[in-house]
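Residue numbers (this note's numbering), protein chains in the order written: chain A, 846 to 906; chain B, 846 to 906; chain C, 846 to 906; chain D, 846 to 906; chain E, 846 to 906; chain F, 846 to 906.
Rather than coming from a laboratory, the hints here were simulated on the basis of the structure.
Take these hints with a grain of salt, some might be off.
Identical chains blur together in the list; that is why a pair holds if it fits in one copy or across any two.
As the list claims (entries may be wrong) - Listed next, the in silico EDC-like pairs over lysine to aspartate or glutamate satisfying Cα-Cα at most 16 Å (straight line):
no., residue 1, residue 2
1, K906, D890
2, K892, D855
3, K906, E894
4, K871, E894
5, K906, E864
6, K892, E882
Protein chains: 6
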Amino acid sequence: MPSINVQLFDGRPVEIKRELAQALTKEACRVLGCTPEAVDIVFTDVKRENWATAGVLWSDK
Amino acid sequence: MPSINVQLFDGRPVEIKRELAQALTKEACRVLGCTPEAVDIVFTDVKRENWATAGVLWSDK
Amino acid sequence: MPSINVQLFDGRPVEIKRELAQALTKEACRVLGCTPEAVDIVFTDVKRENWATAGVLWSDK
Amino acid sequence: MPSINVQLFDGRPVEIKRELAQALTKEACRVLGCTPEAVDIVFTDVKRENWATAGVLWSDK
Amino acid sequence: MPSINVQLFDGRPVEIKRELAQALTKEACRVLGCTPEAVDIVFTDVKRENWATAGVLWSDK
Amino acid sequence: MPSINVQLFDGRPVEIKRELAQALTKEACRVLGCTPEAVDIVFTDVKRENWATAGVLWSDK
Chain A
846 MPSINVQLFD GRPVEIKREL AQALTKEACR VLGCTPEAVD IVFTDVKREN WATAGVLWSD
906 K
Chain B
846 MPSINVQLFD GRPVEIKREL AQALTKEACR VLGCTPEAVD IVFTDVKREN WATAGVLWSD
906 K
Chain C
846 MPSINVQLFD GRPVEIKREL AQALTKEACR VLGCTPEAVD IVFTDVKREN WATAGVLWSD
906 K
Chain D
846 MPSINVQLFD GRPVEIKREL AQALTKEACR VLGCTPEAVD IVFTDVKREN WATAGVLWSD
906 K
Chain E
846 MPSINVQLFD GRPVEIKREL AQALTKEACR VLGCTPEAVD IVFTDVKREN WATAGVLWSD
906 K
Chain F
846 MPSINVQLFD GRPVEIKREL AQALTKEACR VLGCTPEAVD IVFTDVKREN WATAGVLWSD
906 K
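One chain only, chain A, in its complex shape (with noise of 0.2 Å):
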């Protein structure tokens, strides 16, 4: 607890992931008194053609 999932584009390297890995844990620790082993986060990496915002895909943007 918490258990967090970050939906974002895909193409993101990983040193993005890590570093943001570590900033979301530091402020969910912060926040909610817990400690960093509480802490579980999925990236789920979102193609453009997977995603849509008022009925056109990103892809077609």
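Place chains B, C, D, E and F on chain A using the hints.
What follows is chains B, C, D, E and F alone, placed relative to chain A:
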């Protein structure tokens, strides 16, 4: 609002996703009374070996 | 297949969910060429204090 | 983009969610280089009887 | 690893969830060769008016 | 009902998924008293660089 996630078997061409995104967004707006910009849709492609019904993988059916 | 999850603000009456379930199922079948029995939809009611955009809870907007 | 879901034990006051939404959004924007408007966060309150680790419900620990 | 989410109709007593958490954890460990501590399970209670199959809410069946 | 999602590290062979699908379905039916046909399971393969615990990616451990 709303946020819609659609799990479907992989292998669908982008034309199908484009049409489905349009159709689901249109219906969500009509029924919920929201603007298209409020509707986010994410498609999750699922391999047949990753989906089981009645305990049997779809890749085995 | 497919399995659809819809996150929407809570407070929607069942009549709206009934109509939305019918509409989304109909469109999914039309576009994907599947039978209605293959379509599962789950609605997730989200309280305004549990949804944030741009870092602001919707209960604060 | 990105869309963040946070599962946490229920009972957290809205002040905590407000602060967490701000903090996670700020860090996501900093690391990913996106605007705050692009960040959606949904909190899912989970009862202790609905979360198990090592096969034991947290309500039993 | 692994992280398991179980959507089920609401109304199940805690005794059922306790037994199901134990059983799923045991089987996951046996098949995947992991320790029980590695297994997280979250149950999501779904109201019958929030689940539709074939376009019909389960509260209407 | 129920619908089960299992997030696990990628790289697992289909034989493991087949066995796990059978085992989880059997236990769900036994405990919940449902038929196998009512059980849907989706596996989500997660790369080690997409999963973090305590702020550290599993690909870095």
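To see whether the hints hold, each was checked on the structure:
1. With identical chains, the CA atoms of K906 and D890 are never at most 16 Å apart, being 18 Å at best within one copy and 21 Å at best between copies.
2. Taking the closest pair of Cα atoms, K892 and D855 come within 16 Å of each other both inside a single copy (5 Å) and across two copies (13 Å).
3. Taking the shortest alpha-carbon separations for K906 and E894, only the intra-copy value of 10 Å comes in at or below 16 Å, while the best inter-copy value is 28 Å.
4. In this assembly of identical chains, K871 and E894 lie within 16 Å of each other by CA distance neither inside one copy nor across copies; the values are 32 Å within and 18 Å between.
5. Taking the shortest Cα distances, K906 and E864 sit within 16 Å of each other only across copies (15 Å), while inside one copy they are farther apart (28 Å).
6. Proximity of K892 and E882 under a CA criterion of 16 Å is satisfied in neither setting, with 30 Å inside one chain copy and 19 Å between copies.
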